[in-house]
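Put chains B and C with the ligand on the given structure of chain A with help from the hints.
Chains as they are written, first to last, in this note's numbering: chain A, 1 to 213; chain B, 1 to 597; chain C, 1 to 114.
Honestly, I wouldn't trust all of these hints.
To be verified - Between beta-carbon pairs, the in silico distance windows are: (1) A/G137 <-> B/G456: 51 to 59 Å; (2) B/L126 <-> C/S98: 50 to 58 Å; (3) B/M464 <-> A/G154: 48 to 56 Å; (4) A/V127 <-> B/S18: 46 to 54 Å; (5) A/G154 <-> B/D518: 48 to 56 Å; (6) B/D379 <-> A/G137: 39 to 47 Å; (7) C/G42 <-> B/A233: 55 to 63 Å; (8) A/H70 <-> C/M17: 27 to 35 Å; (9) B/T452 <-> A/I76: 58 to 66 Å; (10) C/G25 <-> B/I20: 47 to 55 Å.
What the hints assert, rightly or not - Some chain A residues well away from chain C (every beta-carbon gap over 10 Å; in silico): (11) G18; (12) I56; (13) I76; (14) S90; (15) Y98; (16) L140; (17) H156; (18) H159; (19) R177; (20) E189; (21) T207; (22) I212.
If you're looking for bench data, these hints aren't it; they were derived computationally from the structure.
Nothing here was measured: the structure is a model prediction, and the numbers come from that model.
All C-beta atoms in this analysis are idealised placements derived from N, C-alpha and C, irrespective of residue type, glycine included.
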Amino acid sequence: MAHAPAVAHGGGHTTSTGTENRKLLMWIFLGSECLFFGSLIATYLVFKHQVIERGIGPFPVDVTIDGVSHHGILDIPLTSTSTFVLLMSSVTMVLAVYGAQHARMKMMKLGLLATMVLGLTFLGFQVYEFRTFGHEGLNLTTNLFGATFFVLTGFHGTHVGVGVLYLGSMLAASFRRNGLGRDTGAHVEIAGLYWHFVDIVWIVIFTVLYLIP
Amino acid sequence: MATVAGTLAQPTHTGVWSWITTVDHKRIGVLYGVSGFSFFLWGGLLALLMRTQLAVPNGTVIESDRFSQLFTMHALTMIFLAIMPMGAGFFNYMIPLMIGARDVAFPRLNALSYWTFLGGASILSLSFFFEAPGGGWFNYAPLSERPYSDGSGIDFYVVGLLTLGLSSLMAALNFAVTIINLRAPGMTMMRMPVFVWMTFVISVLLILALPPLTVGLIQLLFDRQFGTHFFIATEGGDPLLWQHIFWVFGHPEVYILILPAMGIVSEVLPTFSRKPLFGYPAVVFSGIAIAVLSWVVWSHHMFTTGMGSVPRAVFAVNTMIIGVPTGIKVFNWLATLYGGSIRFTTAMYFAVAFIATFTIGGISGVMHASPPVDSQHQDTYFVVAHLHYVLFGGAIMGIFAGIYYWFPKMTGRFLSEALGRWHFWLLFIGMNMTFFPMHFLGIAGMPRRIYTYDDGLDWGFWNMFATIGSYVIAVSLLIFLVNFFRSVRQEPTAEANPWNAPTLEWGTSSPPPEHDFDAIYTVRARDPLWYDRDHGIAPPEVTGEHIHMPPPSYYPILIAIGITLLGVGALSHLAVSALGGVIAYYGVWGWALEPTD
Amino acid sequence: MAHSAEPMEQQHGLSPMQYLAIGAGLTLITIVELWVSYSGLGSLQIPLLLFLSAIKFAVVVGWFMHLRFDHRLLTQVFAASLTLAILITIVLLTLYWSADADSIRGYREWLASG
Ligand SMILES: [Cu+2]
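Here chain A stands alone, though its shape is the one from the complex (with noise of 0.2 Å):
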């Protein structure tokens, strides 16, 4: 439920440590997430050498078994112009965290803006890249690349999916008479957070699923 900020109350605008609730509650979020992502990317290697041991492409890399060369199916170019664009992204959420929090409305909306449109752009990618997969005989029910590879970056998929929706509700909610409200900094403050966590989770699943052969 990223979707839900509370307002802190009780101990009024102090806190036992000084954190903000909400925040404190984004960060333990993300350290749950730490785990969530990491069982996918651990299934995903526990099953990586099985794939080629039992010679049921596609492959992921390109490998030659019993004499016979097998091509691999990741497409590394294509993959970095997308991570790219996530890794902008980045850089215009930050933006319009830095103008939520110096009342710079226009920077903050254009931003999430920005962001957004960056964010659908990688959704893109990855849909044509499913797409390019299928095509080439690649799907769930193929082998064990095939599953742990969707499973994996589908819902990575599905967070930057539900980080647009959030985003995007946002940015509404800011036309409004009164915009975001006096905590305006703080909610964009902890949205860019769950943005930023979805890229960093991207910057590990390329690395361990494209670089590394």
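Then chains B and C with the ligand, alone, in the frame of chain A:
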């Protein structure tokens, strides 16, 4: 219901709608507690059916498929729908009071956790009308896969647990933040009551242990619905991966079940011994040590899967090490009793019995840490005996201690001590009659989960003995229900601190007002009320300023309905999921825009 | 852990230009990563790739997510969770890739040979 908790005495806050929209941690605590106890009775009924079937050789009460569903649903109900929510009931009611706060950090999120729990519990329990899951609570692959379980039972299991996991995650996030950030002035971490500490540890465990389970459940769901082969060996998958993922969650889960009871006992023993808990730092740090170690022992559930000798040795040693902090706790409880001026109330009976029965379960647990011994005990009734000594003799005993201890605080009324004695002794005797013979049965080779056994195996006597014991437990619970309903009908007579206890929840009226404390305490020592009493410090002065409490909200239940429909859609039609998504999204908007000042 | 109530933390961080510069730096590292992945550096390749992505990870967490400037507690929360996730992954992979796994493979072969 409205009479159950006297909290609800305010005339403007009555009726069903006020319960549906409540964001008051005390009312949510009561909801959790009452739901959890109802499911406890329901899960107990399932167990009685099984014991009836097993009373004599070649029993004919229940046939084999139904029996599999019964033991699966008994375990799921007791773990996820009874012990965890009853623990959550105490967290909700007591944590803000014990740390001297006026509510949790996120009151609406708290309500959302409860309603989501109820949604997940409904999905799981209503499976009886279709097909209940029958793969055991740890639901091993490949039995849980399509080729072997074609019905909808396993799907109910997956969706039910995903929903319940989401609920637990939200609750745990809320309590972690509450305990970190909402402590009264002067309440340092090392001044927190042990129950608060244990709640904090459990929250952290839940936050970190639920994601692996979620991943495992999602993979199982994909195997069953979308044709992947994560856990199907013939297609290159690995059934053992499910075991690894499940027990990465499953072992911390064991401590999630037992630590609340340890926390409760650590409150009850000092109060009724009239002396502070012996070795407070040791108790706290051994609780933390247990939680940390629980991450590196999971494969002790897999000693017989051929992991190889080095992993077996490592996991065996790790598991045995957990015995050390657990032993430290037991000795500290005993030392708390030593030299105390003890009052034997019913709560104290349960707390002392907890030490004894939990220790028996703990010792048989250490036996399983040894791979050769474990290989003998694997899948026999010895394991059933062990886990019931820990969960019934441990968790349930602790929870009953908590019920008798905090009942005056929650309702302003006392449970009858005379009926309490009957309840205690019958429960204690019944529990040992039921579960102790299972050690013998296990060593005699009786496998767990069988629905019947042959006459010539010589298992008949102890099975009959255990069945009689289970009926004794049932009688004791009936006495408790009588006690409960008689008490709530009485006039409230409990003053603020009837037990003369040291912790802050006893520093406000029984039951507490909606805003918990008229004035916030400043904490000067570990046992604040005793410190203030001994140093002649008066309670904080009431300034009479307006105390703002968050208004009721119906968005939590709306979002919970949306989440539940998302799950129901996975069992029926995707359109239902889509509807659930829309409702949840609408609820989030309403929630975000709702004024809370 | 401080128990007295402290005022909420102040907003701090970098200027927009500095954020853009960090973005450029991250892009540069990504290009280096690509080069390393095609370079065929042998046994050095995987550690180097992991190292580079760890730098990117740390930069985003530290500066974009403000962890450098924020309360220490937040760093502790995240670092502990991340460590646990990595630890469990390593233990799991060790269980699968350890020498003992050969016995399982041997068992499979034995099964296959009838
Ligand atoms: Cu265990």
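Right, here's what the structure says about each hint:
Taking 51 to 59 Å as the suggested C-beta distance range, the pair A/G137 and B/G456 conforms, at roughly 58 Å. Between B/L126 and C/S98 the Cβ separation comes to about 44 Å, which falls outside the hinted range of 50 to 58 Å. In this structure the supplied range 48 to 56 Å holds for B/M464 paired with A/G154, their Cβ-Cβ distance being about 54 Å. Between A/V127 and B/S18 the beta carbon distance is about 48 Å. The supplied range of 46 to 54 Å therefore holds.
A hinted range of 48 to 56 Å holds for the C-beta pair A/G154 and B/D518, which are about 53 Å apart. In this structure the supplied range 39 to 47 Å holds for B/D379 paired with A/G137, their Cβ-Cβ distance being about 42 Å. For C/G42 paired with B/A233, a C-beta distance near 35 Å fails the hint of 55 to 63 Å. One distance hint, 27 to 35 Å for the beta-carbon pair A/H70 and C/M17, is violated here, with the actual separation near 48 Å.
Between B/T452 and A/I76 the beta carbons are some 60 Å apart, a value that agrees with the proposed interval 58 to 66 Å. Taking 47 to 55 Å as the suggested C-beta distance range, the pair C/G25 and B/I20 conforms, at roughly 53 Å. Listed as outside the interface, A/G18 is inconsistent with that label: its C-beta sits roughly 4 Å from the nearest C-beta of chain C, within the 10 Å cut-off. Every C-beta of chain C lies more than 10 Å from that of A/I56, the closest at about 16 Å, which supports listing it as non-interface.
Not every beta carbon of chain C lies more than 10 Å from that of A/I76, the smallest distance being close to 7 Å; the non-interface claim is violated. The beta carbon of A/S90 is not kept farther than 10 Å from every beta carbon of chain C, the shortest such distance being approximately 6 Å. Annotated as non-interface, A/Y98 brings its C-beta within 10 Å of a C-beta of chain C; the closest such distance is 6 Å. Once the 10 Å rule is applied to beta carbons, A/L140 is consistent with being away from chain C; the minimum gap is 22 Å.
Separation of A/H156 from chain C is adequate, the least Cβ-Cβ distance of about 15 Å exceeding the 10 Å criterion. Remark: the non-interface label on A/H159 is consistent with the geometry, its nearest Cβ contact in chain C lying 15 Å away (cut-off 10 Å). No beta-carbon of chain C is positioned within 10 Å of the beta-carbon of A/R177; the least distance is around 24 Å. Not every CB of chain C lies more than 10 Å from the CB of A/E189, the least distance being 7 Å, so the non-interface label is violated.
For A/T207, the condition that its CB be more than 10 Å from all CB atoms of chain C is violated, with the nearest at approximately 4 Å. Not every C-beta of chain C lies more than 10 Å from that of A/I212, the closest at about 5 Å, which undercuts listing it as non-interface.
Violated hints, in rising order: 2, 7, 8, 11, 13, 14, 15, 20, 21 and 22; the structure is consistent with all others.
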